[in-house]
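Since the structure of chain B is provided, determine the placement of chain D on it from the hints.
Given next are the chains, with one letter for each unit.
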Amino acid sequence: MRRPTRTEARNARAAAGFLLPFLALFLLCFITPIVYAVWQSLHKTERTGPLGLGGAEREVFAGFANYAQALADDRFLSGFGRVLLFGAVQIPLMIILATVLALLLESASARWVTFFRSAFFLPYGVPGVIASILWGFLYVPGISPLVKMADAVGWQVDFLSRDAVLWSIANIVTWQFTGYNMLVLIAQLKAVPQELYEAARIDGANARQVALHIKIPLIRPALVLTCVFSIIGTLQLFAEPMVLRPLASSIDSGYTPNLHAYSEAFVGNNQHLAAAEAVLLALVACVLSFGFLRLVGQRGKGDGR
Amino acid sequence: MTPSALRYRIITFALLTVAAVYFLVPVYWLVVSATKSSGDLFGSFGFWFANPRPVEYLTDVLTYDRGIYVRWFANSLLYAGVGALAATLLSAAAGYALAKFPFPGREAIFNVILAGVLIPGTALALPLYFLFSGFGMSNTYWSVLIPSVVSPFGVYLCRIYAAAAVPDSLLEAARIDGAGEGRIFAGLGLRLMTPALVTVFLFQFVHIWNNYFLPLVMLSDSGLYPIQLGLTSWTGYADRQPELYQYTVGGAFLSVLPLMILMTVLQRYWRTGLTEGSVKA
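Quick mapping for you: the protein sequence lines, in order, are chains B and D.
Position 14 of the first sequence, counting from 1, maps to 60 under this note's numbering, and the rest follow consecutively.
Position 38 of the second sequence, counting from 1, maps to 968 under this note's numbering, and the rest follow consecutively.
FYI, nobody ran anything at the bench for these hints, they're computed from the structure.
Please note that a few of the clues may not be correct.
Okay, the calculated beta carbon distance ranges per label pair [unchecked claim]:
{"no.": "1", "chain 1": "B", "residue 1": "C332", "chain 2": "D", "residue 2": "A1093", "range": "48 to 58 Å"}
{"no.": "2", "chain 1": "B", "residue 1": "S299", "chain 2": "D", "residue 2": "A1045", "range": "48 to 58 Å"}
{"no.": "3", "chain 1": "D", "residue 1": "S934", "chain 2": "B", "residue 2": "P187", "range": "22 to 32 Å"}
DMTMM-like cross-link-like pairs, simulated, lysine to aspartate or glutamate; straight-line CA separation at most 25 Å [unchecked claim]:
{"no.": "4", "chain 1": "B", "residue 1": "K194", "chain 2": "B", "residue 2": "D209"}
{"no.": "5", "chain 1": "B", "residue 1": "K236", "chain 2": "B", "residue 2": "E152"}
{"no.": "6", "chain 1": "B", "residue 1": "K90", "chain 2": "B", "residue 2": "D119"}
{"no.": "7", "chain 1": "B", "residue 1": "K90", "chain 2": "B", "residue 2": "E105"}
{"no.": "8", "chain 1": "B", "residue 1": "K194", "chain 2": "D", "residue 2": "D990"}
{"no.": "9", "chain 1": "B", "residue 1": "K90", "chain 2": "B", "residue 2": "E103"}
{"no.": "10", "chain 1": "B", "residue 1": "K194", "chain 2": "D", "residue 2": "E1173"}
{"no.": "11", "chain 1": "B", "residue 1": "K236", "chain 2": "B", "residue 2": "D249"}
{"no.": "12", "chain 1": "B", "residue 1": "K194", "chain 2": "D", "residue 2": "D970"}
Glycine is no exception: its CB is placed at the ideal position from the N, C-alpha and C atoms.
Looking at chain B on its own, in the form it has when it is part of the complex:
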């Protein structure tokens, strides 16, 4: 093996100096928690006293018992099912809405673009908790002006009923993140050379055709990015159901996987099971994100782009 040249050695030294502070904290805040969670998820607490009561606590290896317990828990599984259903409906709706708004704002017919863009983006600056408090007031009968207005025209609505509450949460998430996704798409639209649109227009394409056949295929990378981030975000659903819980009786402590893991850790005092649930959550997020990336990646190759 050849010895590194002086330049290479100097490069490696300098790079290490710049990288180490970040890497040390990355190790502490990303790698270690993952390793620790996996370790915890494979162990359980055992008491040394008679009948497993009293005495000292010690950690013993439990194999996949915590995973088996999590996966046998109907409430945990139905929480997963619920966020998957939520994502399957909310993500496409939000991305389509963001795409339509981005295309409208970037079209030649749009006026007051700055005002509209800021108005759509504004909710991104409202934290999930505040957004949920806000919409909570707009959902609760007795305070909500929306319910009052619906009542006045003889329309009975209950945003917090068992069947409706999941979609009331979906509305909060859509309200918050559509503008952000729209901005990502606009950024990509702006990066497309204008001559391309000119050429299409000279060829006689109308605005709708340019949008469908030129703009949407060109913003594919941004669409993929926003979808992946939305998938990760959906699996983490927590603040919205947590804040709406006192208002809607159908939201229980296992409403989403995250809520379930949180209550196992802090109410049920079962760290090991909570760790297993956190690991499962991260795994599902990775599988879904990578799966989605592969799916759209292959389709991209298949149709010759």
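For chain D alone, coordinates are given in the frame of chain B:
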């Protein structure tokens, strides 16, 4: 203007207006409601004013419980401000190193950092809490600050920006002039990367400001709470103390002001950052 162009313009305007109403109505409700007493909050029509006394009611929010709201606000500013600043510097140094110094294992390290973007933050928060409480470090400012300064997405943005905006020839010239690597980074690198750094700072500031789960699991002392956590603790007591509904609404109103101003003023930086992030992904 041709009739069809006019028709497109009218349809576009109508659709954009409908969307604007949807996005602005809750904000409008918040502004109106922040001027109301508890009684009017429940007793009057939500989309219109009733005996507005904003200054008096917002003063009540700020002074309630010996000014705990002001403390929460300061905590939020500390977490988001200091956290985002440190995150920006760490990401800048790491991204610069990954862009400008070829060394063995560089791509492997970059890929591990990138994978960090795909890990849900809340899946990390619980094990982080167990870890920090093992060190006796939960329920401190550090327990929220330290995890907030690590931004894999920031490193990613800084790397692609540094690769494009910091020319190797300039670095070589500085080296020939005898400048040390640290000085070159501080004097040249950081300056050339400024637009990306503003973006990373903004992203991370909003991310920390909006983060609820991490402070929720880490903190038990309400004196350390950021605003979001403080406001939910108020809603938890509102059944027994109805005036807390009014304080929650007023507090929510005050808490969204700084971020909205910041975002409106700095919108163009957002868009540059988003282009960098998406186009090359």
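Evaluation of the provided hints:
1. C332/B / A1093/D: 48 to 58 Å: For C332/B and A1093/D the Cβ distance comes to about 27 Å; the hint is violated.
2. S299/B / A1045/D: 48 to 58 Å: At 31 Å between Cβs, range violated.
3. S934/D / P187/B: 22 to 32 Å: Since S934/D and P187/B have Cβ atoms about 46 Å apart, the given range 22 to 32 Å is violated.
4. K194/B / D209/B: holds (20 Å)
5. K236/B / E152/B: Distance ~8 Å between K236/B and E152/B Cα, so the pair holds.
6. K90/B / D119/B: holds (17 Å)
7. K90/B / E105/B: holds (6 Å)
8. K194/B / D990/D: violated (29 Å)
9. K90/B / E103/B: Roughly 10 Å between the alpha carbons, so the hint for K90/B and E103/B holds.
10. K194/B / E1173/D: holds (23 Å)
11. K236/B / D249/B: Holds, because 21 Å separates the two Cα atoms, which is no more than 25 Å.
12. K194/B / D970/D: Measuring from Cα to Cα gives roughly 15 Å; hence the hint holds.
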